[in-house]
Amino acid sequence: MGTPFLSRRDFALIAGTAASAAGVRAQAGSGATSVVDRILRELGGEAPASTADGFKAGDPNGAVSGIATTAMATVEVLRQAVKAKTNLVLTYEPVFFSRADRPATPGGRGPGGLDREDPVYRAKKKFIEDSGLIVYRFHDRWQARRQNDMVTGLAGALGWKGHQVNGSDGLFDIPVATAEQVVTGIRTRLKLNGGLRAIGDRTARIRRVLLHPGSMTTATMWTRYTEADLIVAGEVREWENTHFAADLFTAGEKHGLVTIGRVVSEDPGMRLCSTWIQSVLREFPARHFDAGDAYWRAV
Amino acid sequence: MTAREVVERIRKNVGIPWNEQSYRDTFKLGNPDAPITGIATTMMTTFGMLKRAHEQGLNMIVSHEDTWWNDRDDTKDLTDIPLYKMKRDFVLNNGMVLWRMHDHMHAMRPDYTVVGSLRSVGVKGGENATMRPGILPIPETTLGEFASRAKHLSGIRAFRCVGDPKAKVKNVLLGPGYATPRMTPEADLVIGGEQQEADGGFDNVEYVRDANALGIPKGLIMLGHVASEEPGMEDLAKWLGTFISGVPIRFVPAGEPFWT
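Quick mapping for you: the protein sequence lines, in order, are chains A and B.
Each residue of the first sequence is one higher than the one before, starting from 1 at the first, in our numbering.
Each residue of the second sequence is one higher than the one before, starting from 1 at the first, in our numbering.
Don't read these hints as lab results, they were simulated from the structure.
Heads up, none of these hints are tricks.
Away from chain A, derived, C-beta distances all over 12 Å, residues of chain B:
1) 4
2) 5
3) 7
4) 13
5) 15
6) 21
7) 35
8) 38
9) 103
10) 110
11) 124
12) 139
13) 237
14) 246
Computed footprint of chain B on chain A; a stretch qualifies when at least three of its residues, placed anywhere within it, have a C-beta under 8 Å from a C-beta of chain B:
15) 119-126
16) 256-268
For clarity, every value in this text was computed on a predicted model and none was experimentally measured.
The beta-carbon is built from N, C-alpha and C at its ideal position, and this holds for glycine as well.
Could you build all of it, start to finish, from the sequences and the hints given here?
Written out as structure tokens, the structure reads:
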């Protein structure tokens, strides 16, 4: 616990209403657990019954010097967080290479899991601990309350802020262009290297776009493809949505699909997360670090 | 010969007990008891592939992957989609019949999808490979050089790489399709078809990125699901020809769906 005198909730109430910046830092209550509790209280909502959110590395009671957000706490992102002295890292995706986010327990599910002696796991964990970083997975609660930020964040990064179709959850009317021109714009705006893949008619006229950060299911595509000229998603399954988009193209239908990478599609929304955190926790610096496009193409 | 008779011959020659529980390796559409004019093997029953098979006069499709954009080929939610009707009508009106061969291919010895994928990217020693071939050593090279050579050899246009192009690699783990293997401390190059990027059973992309950032050279190549299993379906066509005669048997590519 952050403080021997107050429950986490009590402290959160005090810290959230009355404590000055200097006052908070002077107290044990600036421990990461208390800070996260405050963030969750400000966010509202409830944790789903089964959640992957939680502290994954570092000392949950360690003092917080600042808050970093990212779509994925890669080593490169963590190094930037150290440099910026924002040691509480809120990551949308796992830090330790799987949804389990920790080594498999001995005698557990066997070859699929991460070995506790794995050198990459050990080195990353050691870096986090030696640097005084604290990593918290902030996915389910953020998504449940602020999915719209994940969408508008991506739209903003693409230069489509203010283009959202009124009352829609992810539709944007953008300046008319060919699919090829739109895709070139996406690649440039998001600084993509090799992660973008497009399916459909390059010459199709694009006006309405459906933005779907993260992973898009095939059922979502079946029910929504007619709403937009182009779907921009994080990732899909190739035997599902990609197959469907290829068949649409064969049938002469003008509905394209572009996947930009799951993590890349989530970075802009997590940038908005840091802006929101800064607005509710003014005493800590809050920064965002893009995980960025991991992929490149062979030449 | 009918499509059902073709499947009977496959069952007799597959060399492993037939898995009656497989929901994948079944007829998907068309009349199994009508005479066939020819067999097209393919990685995925895309609409484009169906048209090309029909043009070649091949009316039985043996496909590794799905027809209806989901693994179970469940069509209950598709009936109002014009594309579904168009594709279904194309198959029925042209007297085509669709059968899937997935689970048995991965259980066969060798697994042609693995054999074909290894061959296509220039990894030797996988001629009799099964589903999980383990680490295959290659002459030491860099990730960038390996990827360039693999691109040239395979003709795959849109595959994605992760890791330092200068990373030295010599121990390959390969699994085509969605069976991209987990990177291990012993391997330094994982080659797969596709894989969930994050929050899955094992997130190779992040692992390989971080390994390189921490000074541990590793590489990941994602060939694409279709591209990674097409060579195996070409091999399957040849295998079918060893016990089926009288009708043409050809590999008809689904083809990479991506622009670049």
